[in-house]
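4 protein chains.
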Amino acid sequence: MSVTPRDNAAFEAGIKLGALYHQFVGSPVSLKTADSLEKAIAESISVQPFVKSISVSIDRQMIKDNLSSFGYTELKGPMLKVDAVIKYHEYEASVGIQFKDGYPLMFIKDIKEVKG
Amino acid sequence: MSVTPRDNAAFEAGIKLGALYHQFVGSPVSLKTADSLEKAIAESISVQPFVKSISVSIDRQMIKDNLSSFGYTELKGPMLKVDAVIKYHEYEASVGIQFKDGYPLMFIKDIKEVKG
Amino acid sequence: MSVTPRDNAAFEAGIKLGALYHQFVGSPVSLKTADSLEKAIAESISVQPFVKSISVSIDRQMIKDNLSSFGYTELKGPMLKVDAVIKYHEYEASVGIQFKDGYPLMFIKDIKEVKG
Amino acid sequence: MSVTPRDNAAFEAGIKLGALYHQFVGSPVSLKTADSLEKAIAESISVQPFVKSISVSIDRQMIKDNLSSFGYTELKGPMLKVDAVIKYHEYEASVGIQFKDGYPLMFIKDIKEVKG
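Chains as they are written, first to last, in this note's numbering: chain G, 1 to 116; chain F, 1 to 116; chain W, 1 to 116; chain C, 1 to 116.
Next comes chain G alone, as it looks inside the complex (with noise of 0.2 angstroms):
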């Protein structure tokens, strides 16, 4: 079987996912900035092909957790939450990026085939 439209949907997710994380991840942030970088992020991401809705969110609690004497901290992979849906063709790949055991994973919730 070649390369299918369901194929590239999950493909193009994981590429907006990879690129997500680590062209973000090491900003500097605080609790008074999450709100912008959470907004600058989905709306980066969300100008790449394919991308039908993207929600970003900063865990304040790990901010404030990660908080140096400085009052600021790096944005780290588990801080983040991050839902997307990508729409390659008439296939939508909904994944996501979610602090779970330890790590920052990325993971498919669904692929499905959408009519117009």
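Incorrect hints may have been included.
Copies of the same chain are indistinguishable here, so a pair counts whether it falls within one copy or spans any two.
Said to hold, decoys possible - Here are the simulated DSS-like cross-link-like pairs (lysine-lysine), alpha carbons at most 30 angstroms apart as the crow flies:
(1) Lys64 to Lys87
(2) Lys112 to Lys64
(3) Lys32 to Lys52
(4) Lys115 to Lys52
Simulated from the structure, these hints should not be mistaken for lab results.
Since the structure of chain G is provided, determine the placement of chains F, W and C on it from the hints.
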């Protein structure tokens, strides 16, 4: 149809390419240091789960064409040629990054079921 | 002469510009999302120690000139105009990033002693 | 007093450390690949202007302590030990990154005028 190993092979392959691109693009590089950067990128990505093989090459001519007066440039997307095989359960996804039509494109070459 | 507050003002200013550049260059951006990326970059760097003020602007014309057929591009060094004031003890370093002679240059505009 | 070569030595040194940190922190790394990553980081930064020498070492014990169940981790700031000498005109700034008091600190060890 629920999420399949084939879906995850494609998804994991996408993660690796997105990660590679956004982690290493921007690194200072010259003709003398292209070798060590290629090696480090390939080895770095190879430690991630499900990576069966990966090769990374940086276009020397594009480095030359982009050298600043200080004798170096930054790694740019179009300079990258990547070939990788991601294996998830019994599925192997062969994927790549290649400069084409003015862009660094990420694509699936092939996904297949392998025995053993 | 041992290390002085003036030295550290210049050093800290350099750290912020190097960090900003290598953290955010490569981020996907379009005309619609340039605002949120500018804001997030400025706020992210502003939480770091010794940053008194910072402004970040992304050249809209260069975004337009670099748009792919998908309607976006990546943040590139030449698109960035940054002005920042770093204060270390009684010294303020005014520094910037600006596109000049084909390169995104980082430079010190002024370092001065301030009272109070 | 206007901007001096000594100021620029400190400023350029800061740029290199900020760049190094935010370019490479987040890279996947294991005990087997730490060598190639160290080498690539050092060589990458060494091509930038005014870098006279640089050494980079990644703490192997911290890699071990952070290994995921997949046998790798990501390069984190505290794992980095960096020593660099930046030369601007007749001034040499010796700077470093070192883990201390719970943080990866960047600091100037010494700035001096050198003849020839």
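Hint by hint, here is what the structure shows:
In the homo-oligomer, the alpha carbons of Lys64 and Lys87 lie at most 30 angstroms apart only across protomers (25 angstroms), although the nearest pairing inside one protomer, at 36 angstroms, exceeds that limit. Taking CA atoms no more than 30 angstroms apart as the test, Lys112 paired with Lys64 passes in neither setting, with 38 angstroms inside one copy and 35 angstroms between copies. For the homomeric pair Lys32 and Lys52, the shortest alpha-carbon distances inside one copy (28 angstroms) and between copies (16 angstroms) are both at most 30 angstroms. In the homo-oligomer, the alpha carbons of Lys115 and Lys52 lie at most 30 angstroms apart inside one protomer (15 angstroms), although the nearest pairing across protomers, at 36 angstroms, exceeds that limit.
In this structure, the one hint that does not hold is number 2.
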